[in-house]
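These are the residues of each chain, in order.
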Amino acid sequence: MRDFLIVFKVLLKNQYSYRIANNGKRKLPQGITTLLCMIPLAILICIIAGVIAVIIPDKQTLSAVSNIIVSAVQLLALFISMFGVMNILYNSPDTPFLNTLPVRHTAVFFAKFTIAYISTLSLMASLLLPSLLTVSIVYAAMGRAMFYGYFALVFLLVLAAPILPLFIVTAFSMPISYIGTFFKGKSVLKTILTLLFYLLIMVGYFLLIYFVNQTDSSDATGDEIAGNVLARLSVFSKVMYPNKVLIDFCLGIDAGKSFGISLAITVGMLALMLIFAMLFYRRINVRKLETHSGSSKSAVSYKQSNIIASLMAKDFKHIIRNSSLAMSSLANILICPIITAVMYFASDMQTGGEDVPMYLNSTLKLSYIVLYTLIFLGGANAMAMLAYTREGRSFYLSKSLPITPRDSIKAKYILALIPSAVVLIIQVILALALYKLDILSVILFLVSMAMAIVGSTGLHIYFDMRYGNVNWNTRQDLRQVSQGNRGSLLISLVTVAMGLAAMIGGMVMSAFSEILGGINVVLGVFWGVLMVCSLALLVAGILVIRYKAEPYYDEIGERKFKPREYGRSRSGGRGGNTLMR
Amino acid sequence: MIQISNLTKTYAGSSKPSVDNLSLEVYDGEIFGFIGPNGAGKSTTIKCMTSIISFNEGSIVIDGISLKESPNEVKKLIGYVSDDHVLYEGLTGIEYINFICDVFNVPSAEREQRLHRLLEMFSLEEAVKNQISSYSHGMKQKLNIIGALIHEPKVWILDEPMTGLDPKSAYNLKLLMREHADKGNCVFFSSHVLEVVEKLCDRIGIIDDGQLITTCTISALKERNRDSSLEELFLKLTENVEM
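Protein sequence lines correspond, in order, to chains V and L.
Mapped onto our numbering, the consecutive letters of the first sequence carry residue numbers 12 to 592.
Mapped onto our numbering, the consecutive letters of the second sequence carry residue numbers 292 to 534.
Looking at chain V on its own, in the form it has when it is part of the complex (with noise of 0.2 Å):
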């Protein structure tokens, strides 16, 4: 408890320390500056929550709303926090200070574990308060029968919240980052690992949308229908339990039973971590700080390649070799296939309905696709949208180097084309054997999307050059400048615009077919403006790589970095919450 204390108290005060020592300011509590940052959101969730309370019959009903909303929540953390908090938890760089001093492991991995349980709890707090309390008041204003007790232990309810997040997080990473020790000098592997571990979590995700969103016979009545969404309800209620019992015990339904069964399960889930903290925590910290042989196992070679070549390869090896860097540029690339896949599924397109014509489902089918692939592959190639700024400070040694504007950027434009190529592939695969695409329309898709594809990445590296920055120091940093890169996010919201009007756009006209003139105008025009808006973004991309990056790539090093003020961030702070500036 004293180490755990001692700890605790220097990182969290280390934490908030930023806030006054920058430029003299006061800055606003973290709480507050995430509060007002969660607003709309909040307000969002409070309209539907105060929606659904009206027509909530009973308390197990509205223990199962609040189920949903404080699952919503938790999941939405997860997802935010999850690399932050593993960051704090694994990669901080004061772990070799921290190593150096008298305390026990487990004390540390409990006080860091609270830094972002604390920088979670702002984070949910801020969306769960005001929905809870939405959603109870409505409930009894409707005159149903509630327990009063509740809106005290509410806060209780937000307080407790946090905990089943990052006990997954941290039962997940903690076993993985353990067998990863032994991966130590296999870097390409942990990488191919890591993101197949990612494509798991997606995949269990979407399956339990999938899950959630089963619907039945679609001329079921509105009683019907409500009893099915009731019944879901209560399946999903029962699947999230730790949150059910808690939320149980607060609305007094059987409240002495779910209050004991609630307790065990949060002192379950900390003596679970507490053994994971004891077996893992210090073997990972330990083996972290080693250095490996990390040696290539093919035979020396001294053949000689073209500079193009030698850069891609020199690229990729970097990437490749090194997991989280390899997750920010491939992670949405891989996605693409598995969510088109997914979504196939759970949008019931195979079957189409009995009352869905043909046509209609086949340009639903086709729009889903199509919106997919660009999103994706256009708008979220995360290869191209940091094709300079991943390289870091190493890019000063290229700058050195005798390599012209016009070979970087041809190999950096080549480089980031190609996952992108393979994955289109895979899109034509799916197009053909799950959505059962006629081939005249997947000739064209590949074609449009092709044409998308290398517009969007050309114009993607062109803003990294413009917008990006090599002078980051840590992991929050990079994602600092890939957020705050505007020209990268106009690209995406153009591909999702793009895609989102093909996919409204070839609904719409699908319906009024029979008044345009037949399907096949309507698949006629679809087509025609696809190809259109898609050659102008090849064009543009192709243009604008070829006569207007060049100059800017002198100008990349040259840009400084301004960190964003730390004790700001949900995941603790600077380098993950690092004493070590």
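Calculated directly from the structure, the hints in this document are not laboratory data.
Computed from a predicted model, the values in this text were never measured in an experiment.
Glycine included, C-beta positions come from ideal geometry on N, C-alpha and C.
Take the hints with a grain of salt, since some may be wrong.
[Stated by the list, open to error] Cβ pair distances, simulated, as ranges: (1) ILE187(V) - SER427(L): 34 to 40 Å; (2) SER361(L) - ILE436(V): 41 to 47 Å; (3) SER427(L) - PHE208(V): 29 to 35 Å; (4) ARG404(V) - HIS483(L): 18 to 24 Å; (5) ILE179(V) - SER361(L): 57 to 63 Å; (6) VAL297(V) - SER427(L): 17 to 23 Å.
Since the structure of chain V is already known, use the hints to place chain L on it.
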């Protein structure tokens, strides 16, 4: 030969130039020592010479080729050792050297021979197959030096090259520098270790607060100030310390 004329560099957001109207020449056959206090503008000058950053005014000409007009042609002549040895840490040492050789068009037939000689000199034979991320500070510096010299450039620009080197490697580097200059090439060398500068360099330039205070040969400096070391003279010039 290196000719720097009226070089001025002001960083964005700063009112004061980091390098202010600096002019100097480095002749073939000499080792030129470039020294100054921290923040004087040494690294800025070197980064301008190697095209890492642009400069506002002035010109840099290396072997008759203007850096502004033909930057890549100038870079082909230079072997540059940076002070921060930031390398491509995802590569192994061999992969890094092969990449440098590809950039400078070093023929395959010559790579192995040149590399083995340098690896032996800097005792890096075992580690060169390992990933650079596993290297110690000194090993990275050695690889940095090997990468700068493997393509046998005419002009060496070395920014604190001895940092982190073990005695044997530091000694061999000094031998190489002397050998290179004696063959009629030039070496531009920046260091804080004034004893090394005093022993190794033919001429020195002292920069302070962005401006070149003086350039002179080591022998002339000693002639004028018999009882003082370079260190004492340096302090006298830059700190106005009474000797």
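Here's how the hints hold up against the structure:
| no. | hint | in the structure |
| --- | --- | --- |
| 1 | ILE187(V) - SER427(L): 34 to 40 Å | 29 Å, violated |
| 2 | SER361(L) - ILE436(V): 41 to 47 Å | 43 Å, holds |
| 3 | SER427(L) - PHE208(V): 29 to 35 Å | 31 Å, holds |
| 4 | ARG404(V) - HIS483(L): 18 to 24 Å | 21 Å, holds |
| 5 | ILE179(V) - SER361(L): 57 to 63 Å | 58 Å, holds |
| 6 | VAL297(V) - SER427(L): 17 to 23 Å | 18 Å, holds |
Of the hints listed earlier, the one the structure fails to meet is number 1.
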